[in-house]
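Trainee: Could you build all of it, start to finish, from the sequences and the hints given here?
The listed protein sequences derive, respectively, from chains H and R.
Numbering-wise, the first sequence is residues 1 to 342 according to our numbering.
Numbering-wise, the second sequence is residues 1001 to 1252 according to our numbering.
Hints are supplied without guarantee of correctness; some may be wrong.
[Stated by the list, open to error] Computed far set for chain R versus chain H, every beta-carbon distance over 10 Å:
# : residue
1 : 1007
2 : 1038
3 : 1091
4 : 1238
[Claimed, not checked] Derived pair list, reagent style SDA-like, types lysine to any residue, alpha-carbon separation capped at 25 Å:
#  : chain 1 : residue 1 : chain 2 : residue 2
5  : R       : 1016      : H       : 152
6  : R       : 1016      : H       : 153
7  : H       : 223       : R       : 1016
8  : H       : 151       : R       : 1043
9  : H       : 151       : R       : 1051
10 : H       : 223       : R       : 1084
11 : H       : 151       : R       : 1169
12 : H       : 223       : H       : 235
To be clear, the hints were calculated from the coordinates, so they are not data collected in a lab.
The C-beta atom is built at its ideal place from N, Cα and C for all residues, glycine as well.
Single-letter residue listing:
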Amino acid sequence: MGNKPSIYQSINRRRRGILLLAVAATVFACLLDLCTGSSGLTFGEILPLLWEGPSAGGSQGAIVWRIRLPMTLTCVFVGGSLGLSGLQVQTITGNPLASPYTLGITAGASFGAAIAITVGFTLFGLQWAGTAALAFLFALGVSLAIYALGKRRGLSTSTLVLTGIVMNFFFSALKEFLQYRASAEIAQIIANWSFGSLGRSTWASASVAAGILAASFLLLLGKSWQLTALTAGEERARSLGIPVDRLRLQVFVISACLIAGAVGFIGTVAFVGLVAPHCARMLAGEDQRYLMPLSTVLGSFLLLLSSTVAKWISTGAMMPVGILTSIVGVPFLFVLLLREEG
Amino acid sequence: MWRLSLQDIAVRYGQKTVLDGVSAQFSGGEMAGVIGSNGVGKSTLLKAVAGLLPHTGSALLREDSGEVGTRRDIAYVPQLGAMNTRLTVFEMVLLGLIGSLGWRVTPEQAAQVEEVLEELGLSAIARQPFSTLSGGQRQLVTMAQSLIGRPKVLLLDEPTSALDLRHQLIVMNLAQDYTRKTGAITLFVAHDLTLTSRYGDRILLLQGGKVRAFDSPQEVLRPEPLEEVYQVGVSLQATQMGFLSVIPTKPL
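Mentor: Structure (structure tokens):
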């Protein structure tokens, strides 16, 4: 035997190294995002303001604590939620093209949010809570519909792509109908919401997204081995004693919560949930004990980068980050599709 | 000695009855081939025994001392399918211990995997992604995944389909060695009747979801039942190695 067990140790040592690097890169991206903005604050000016705490005075303190920090933290938690939910949707469907956006779950959530905005639905008297709640309900509904369809017809690439097209068209049409019937002001709010803008970030959005991400992450982490086994194929997972149907349903529901938590506040952010899991898988393989944290961290990293670039591109008025992720994500999806067909 | 007793196993898919009252007894150290035409329920029988399909009747695993086996004592190895997983060979085999894996893989568990890989000559490819392996290597890895849990019953669903001749023998010899050494019971589904005759101590012939015959290869592999079940003429020859060679001659 001798040195044999070290094979596994060395594989995992490499993975831990990659994870640490990703965390370090994300921390750097956080600082970069914090330092980017129209007010021209430098890192040297921001650091003391952060150190001072929320009571930091003056307009610069307000900029950092009321605008930049909530935006950066929302990026971290929303990006992480999209990375994690994208990974799990891909795992349970066994399809690398699956993601909240390509399956139309995000479109469903957007329609739910549009209803809330149109009718002025509130929860505990809070507009954002009502919007997030309806986004959640629709994300859950679409997830369950896809789950039911998958049970009947299997989740092949063609079924998934068709499902995504149908869901996206259907909910986009419904949302456009709402916009058409709504007043100009409401229609504008819905349109802005659909772009996926970090401009709506608040401490509340960051806190709720953080709470959902933390709870979901812990729940999913407990299923690491089961989810890893599922990547070896459904029949093999069943033969290893994994309750595949129950696992899928649980993970679909958790993913729907993550997606709703993510898009319920800042709107549609496409492709982060597709790109982050692919990069994570290429770097760390399929062991979910490493893959899950890495996909989450890379989701945060990608959204932070997008946010920083969006601020650079449009100084003064921040470009909606959803537009940027779409521009980058569409070619990525195209390459994946071609590879799948090949 | 462990014994597997199948009593009136029946499986329905909607209105269709696939298996209809299959009963058979198997003893430890025995290799049994399951044969029959396409769609007769061979794989279904294995899945029912593995507890992967709802069925009526019973599949009871019991030791002579009275100890009763659980589902964990039964390992089902499905047919090889396309799989694009990035799991490494090491991880695939490690998953065979999933019932006892905690958050951290213990050095003992890692050593156990290494030992099985060494036994099967797979150590050199331990780091390779499973999806990059040849069909024969894949089958060996999935066998290793099942054998690491030291099952009392090994169910192999067409273990040699899509394998070249060399790997067919390697895979079947592996199953036979394991069965003989550990006193396990192995049921394997195969379309190759000569291979079944070579490795099966007994053969279970299914027809119309029922047991047509369950006996030694010499008793089951006779022209009359084979021609009726497979609708082909057959020529049987005893080989110098002591097993029957079954050659289909013409469709009937």
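Trainee: Give a verdict on every hint.
Mentor: Consistency of the hints with the structure:
The Cβ of residue 1007/R sits about 23 Å from the closest Cβ of chain H, beyond the 10 Å cut-off, so the non-interface label holds. Distance to chain H confirms residue 1038/R as a non-interface residue, since its nearest Cβ pair spans about 19 Å, more than 10 Å. Annotated as non-interface, residue 1091/R brings its C-beta within 10 Å of a C-beta of chain H; the closest such distance is 6 Å. Residue placement check: residue 1238/R keeps its beta carbon more than 10 Å from all beta carbons of chain H (closest about 37 Å).
For the hint linking residue 1016/R to residue 152/H, the alpha-carbon distance of about 18 Å falls within 25 Å, and the restraint holds. Simply put, residue 1016/R and residue 153/H have alpha-carbon atoms about 19 Å apart, close enough for the 25 Å limit, and the pair holds. At most 25 Å may separate the alpha-carbon atoms for a hinted pair to count; residue 223/H and residue 1016/R exceed this at roughly 36 Å. Pair hint residue 151/H plus residue 1043/R holds up; C-alpha atoms about 21 Å apart against a cutoff of 25 Å.
About 20 Å separates the Cα atoms of residue 151/H and residue 1051/R, which keeps this hinted pair within 25 Å; it holds. This hinted pair checks out: residue 223/H and residue 1084/R have alpha carbons roughly 21 Å apart, not beyond 25 Å. Taking the CA atoms of residue 151/H and residue 1169/R, the gap is about 37 Å. The hint is violated against a cut of 25 Å. At most 25 Å may separate the alpha-carbon atoms for a hinted pair to count; residue 223/H and residue 235/H meet this at roughly 18 Å.
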